[in-house]
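Please put together the full structure from these sequences, using the hints given.
Going down the list, the protein sequences come from chains A and B.
The first sequence begins at 52 in my numbering and counts up by one.
The second sequence begins at 32 in my numbering and counts up by one.
Think of the hints as simulated: they come from the structure by calculation, not from any bench.
Be aware that a few hints might be false.
What the hints assert, rightly or not - Per label pair, the in silico range of CB-to-CB distance:
| # | chain 1 | residue 1 | chain 2 | residue 2 | range |
| --- | --- | --- | --- | --- | --- |
| 1 | A | A625 | B | E155 | 46 to 56 angstroms |
| 2 | B | A150 | A | R491 | 28 to 38 angstroms |
| 3 | B | A150 | A | T683 | 24 to 34 angstroms |
| 4 | A | E194 | B | E102 | 55 to 65 angstroms |
We put the beta carbon where it would ideally sit given N, CA and C, even for glycine.
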Amino acid sequence: MSTEFKGRREDRRLITGTGRYTADWNQPGQLYAVFLRSDRAHARILSVDTAAASAIPGVHAIMTGDDADIAAMKNPPSNVTWEGRGGMKMNQPDRPVMARGKVLYVGEPVAMVVAQSAHAAQDAAEAIVVDYEDLPAVIDLEEALAPGAPQLHQSVPGNLPFDYEWGDPARVAEIFSAAAHVVRLKHVDQRLVGNPMEPKAFLAVYDATRDIYDVWSSTQGMTMMKGSLAATTGVPPQKIRVHAQDVGGGFGIRSNAYPEYCAVFAAARRTGKPVKWVATRAECFVSDWHGRDFVMSGEMAFDRDGRILAARYDWIAAMGAYCSPTGANVHTLTPATTSVGTYAMAAVHGRIRCALTNTTSVTAYRGAGRPDIAYMVERLVDEAALQLGIDPIELRRKNFISKDAFPYTTPNKVTYDSGDYAGMLEDVIKVSDWSGFEKRRSESKARGKLRGIGLAVFVEPSGGGRGTDPNQAMIKFGSSGNIELFSIAGPTGQGHETVFPEIVGRELGIDPSLITARIGDPDGPPLTGLGTIGSRSMIHHGSASMLAAREVIRKGMDHAARELEVAAQDVEYAQGNYRIKGTDRAISLVNLAKKLGGVAGVHPLDAGAGMAHTSAFPGGAHVAEVEIDPATGVTEVLKYYAVDDCGNIVNHTLLEGQMHGGIMQGAGQVFGEHGMYDKESGQLLTGSFMDYFMPKAGLLRDIYLGDHPMPSPTNPLGVKGAGEAGTTGALPTLMNAILNALRPAGVTHLDMPATPSRVWEALRKAR
Amino acid sequence: MAKIEMTVNGKKVSHEVEDRTLLANFLRDQLGLTGTHIGCDTSQCGCCTVHVDGLAVKSCSMVVGQANGAEVLTIEGLANGETLHPVQQAFSECHALQCGFCTPGMIMAVSGLLKDNPAPNDEEIIQGLEGNLCRCTGYINIIKAVKHAAVAMK
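Below, the structure written as C-alpha cells:
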C-alpha cells in the first residue's frame, strides 16, 4: 500500500530527544516514591521498623501492605473464566499490592517511601529495618507440584492454581497405542525477562477538588491501564485519566497496572501531592512480570508412511508466586489453540498444569504461548524425520493442512482462517538453497566447523485479548475541514501514528498528511476496546480506522447531494470527492466538511466505528543456517530466511521492522536470555544487563524477508498481525539448525539457551 | 553540595547539586534535557550516551563533578536548528527506531563512531554499537542507518 518509506511521523520527536516517556514528565511540587523490596524468596515478616526512616528530612509518608488504603485494594480477577481439567475453576491466590505478613519472592514490594527528593526517598528506604523469619522456598516447577513441596498459599493446595486440559484424551490414547511410530521429546523453555528499554515508571496526580486522577505510565493501552487500576484501587475508571505519549517498548509485559502503580496512586491521594516513581533496571528485573518458563513434554504418533496421526502434550507452566492477570490464560489456552501446528491430524490432547513458585509472576511476553507450542511441534517433527528416516521437507509436505482446506477446523475445534503452508515452504527452501546445503556443510567441515540448517513451518493465533467491547476508532472534523483520527491502540513503537492515517487516507482517497492522528489522547472521545497485545492492533484498531472512514463517506453522501443539488443515489465517492455520476461536477470531502462546519465540537461528518474481537492465523516458513566452532561452542548464524503470511500488507517497512525485532527476540532466547534463579536461595542470578544476555548488534546480521500473503477473511483489511510471528518462528528454526549442526558430532539433545558453554559441554559429552 | 558549571549544547549553565548526582540525572533533572534517557543502572544500555568534550560517553557513568567545566553535547543539541544531523536523518529514513527509547543514545554513539571512523565496515559498526542496547529493531536497520549516514556525511 505505502510507496517509498520516508520515515514515520513519530520519528521527528524521537530522534531529536523531544519525545516524552513517563519519566520525562514532571509536575510542580511532586514527591518521589522509592520501594523497599524483599531480599528473600519466602519469609514471614515479623516486623517493619520505619522509625529511623521517618526521621530522615524530606520524608512525607511511608506505606506498607498493612496501611489501610493499600490493604483495601483488590487483586483484579483472572481473565481465565473457563473450566480446566475435571471442571477445575481458576483458583487465583490473592495478591496484596505490598506484602502483608509474608514475602513470597525476591523483589516483592514491602514498603514505599514518599519523599521530597528521590535521594531522600532512597536513603529512607535503606533505613527501614525488616525482621524476617525465613521459610522454605520452591523454585523448580516439577518440585513445586510434587507432594511435600513448600506451599505458597493456603488457598491454593498443591501450588496448582489451574490445571488445563484440551482435546480428546481417549481418542488420542487409542491412536497412540496402535501407532506404528511414536516420537517423544522433553524440553525446557526457559524463563525470560522482557526488558523494554524504558524502565517502568508512574506519575500520579490527584485533584481533590475534581476527584480526578491524572496518571502517566508506560502502557500498551490506556483502557487496559485504566481498567486494571480501577479494578485494583476501587476508583471508578471514569475518574482516571491515562497519559502515555511515548512508550519505550512493551512486548506484553506492560499491559496492566503493576502493584507499584497502585501504591503510588494511593500515595498521591494520601499526600495531596503529585507522586512520581521511576524504577531502576535492577527493580525491573525482579518486578516486571517475566515471560515463558515451561517444562514441556510432547509426543507425536505416526503411521508407517510418516503420516501424523495425533499429538499429546504434558506441560508445566510457571505462574510465579502470584498469578498475573493473563499468565494462566496465555500459558494454557494460547499454546493449546495451535497445538496441531500446520498439520492435518486426527486428534490432539494436552494438559498444562500451572505451578506457583517463589519467583516473580509470569505474564505474556512476545509470542506468549505461541513460540512455545511452535517450538514443541516443530522439534517433534524434526525429530520424527530423523527417527523415521524421512527428509524433513518431505515429512512436512506429506502432513500439511492443504491450501484448499480453509477455513480449517482443527480437531480441538479451532478454525484457522487461511493459509498456504506448503507454498511458504517451497518459497523458503528455494531462496535458502536448501538443496545445496550438503556442499556448504562439507566446506565448513573442511575448516573444522560444524554447519547446520534448520527449518520450521508454523501458525499462530493473533488478535489476542478476549474483550467483549468492540475496538473503536473515531474520525472527527474541525471547522477548517481538518480531519482527526482518534484511536486507543496503545502503540509501543509499532508506528500507529503513521500507519493508521495511511489507512484512513487510502479509504477516503485523500493525502494521509491531511489527517492528524490522536492516539491515546485522554481528552479524546470515550472509545472502547483493548490495546496493543497479541499482534492485534492492525486487525482491530487498523480495521476500526478503516470502517470509521467508510462511515464518514456514507454520512457525507446526503450532505454532498444537497450541496450538488441532486438526489443521493446520483452521487458517487472517489478519490476524496463526491461527484455527480457521469459528470465532472463534484465537491471534495474537505470542502464539504468546511461548508458544513460544526456545532459545539460536533461535526455532521464525525463518525466512529468498532471492530469486534476476532482472531486470525498468521504463519511462516523459516530457515536458518548456522556454523558452530566446536573448539569454543560459539554459534554464528550465517543467514536467516523468513517467508511469512501476515495477510495483506499495509506498510511494508513497518512490517519488516516487526519481523526483524521479533526474530531477534527469538534469537535472544535461543542464544542466551535466561531469567535464572538460584534453586536454594531463590535469588535471581541474572538480575542486570551484566548478567542477563541481551541481543546485541550482530547477533543476526542477515535476515531475508519474503512475503506470502493469504488475506484473512476475518477483518476488512485482510490483515493477520505481525508482531509475534518472527519470535514464534525463530525458536524452532534456530534450535533445529543448531541440532542439525551438532548431530554429526553425536549430540542428540540440547535445551535453550544454546550458549557457547552449553554447546561446548554437549559436544564434550557426546565425544 | 557542589557548584557545577559547564557548557551544554553551546550554553553556559551553573547549578548547585548534591555531590552524588550523575551527569545523566543532572542533564535530565536540573536542565530538563530529558532526551538523554536512563535505561539501566550498570552502564550497559547506552541510552544516556552524550558527548563530553567531543567524546561519546555514557552520562550515567560520570558523577557530574567529573564533567565540571566540560563541553557537553546532548541529543537536543545535535541538529543544526531545523536541519537534522545526517545520523538523525538516516535513523528515520532507514526505520532504525521503533519505540525510540534507545534512539538518542544510539544516535549520539553513532555520531561519535563516525567522527572517529567515517567509513566503518560491518565489523566496526557492530563493535561500535557494542555498548548500546535496542530491544525493538533487531539492529538490522540501525546498522543500515549507520552506513547511510556515513555515505551522507562524506
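Hint by hint, here is what the structure shows:
1. A625(A) x E155(B): 46 to 56 angstroms: 53 angstroms, holds
2. A150(B) x R491(A): 28 to 38 angstroms: Given a distance of about 31 angstroms, which is inside 28 to 38 angstroms, the answer is holds.
3. A150(B) x T683(A): 24 to 34 angstroms: The hinted range 24 to 34 angstroms holds for A150(B) and T683(A), with Cβ atoms some 31 angstroms apart.
4. E194(A) x E102(B): 55 to 65 angstroms: 58 angstroms, holds
The earlier numbered hints are all upheld by this structure, with none contradicted.
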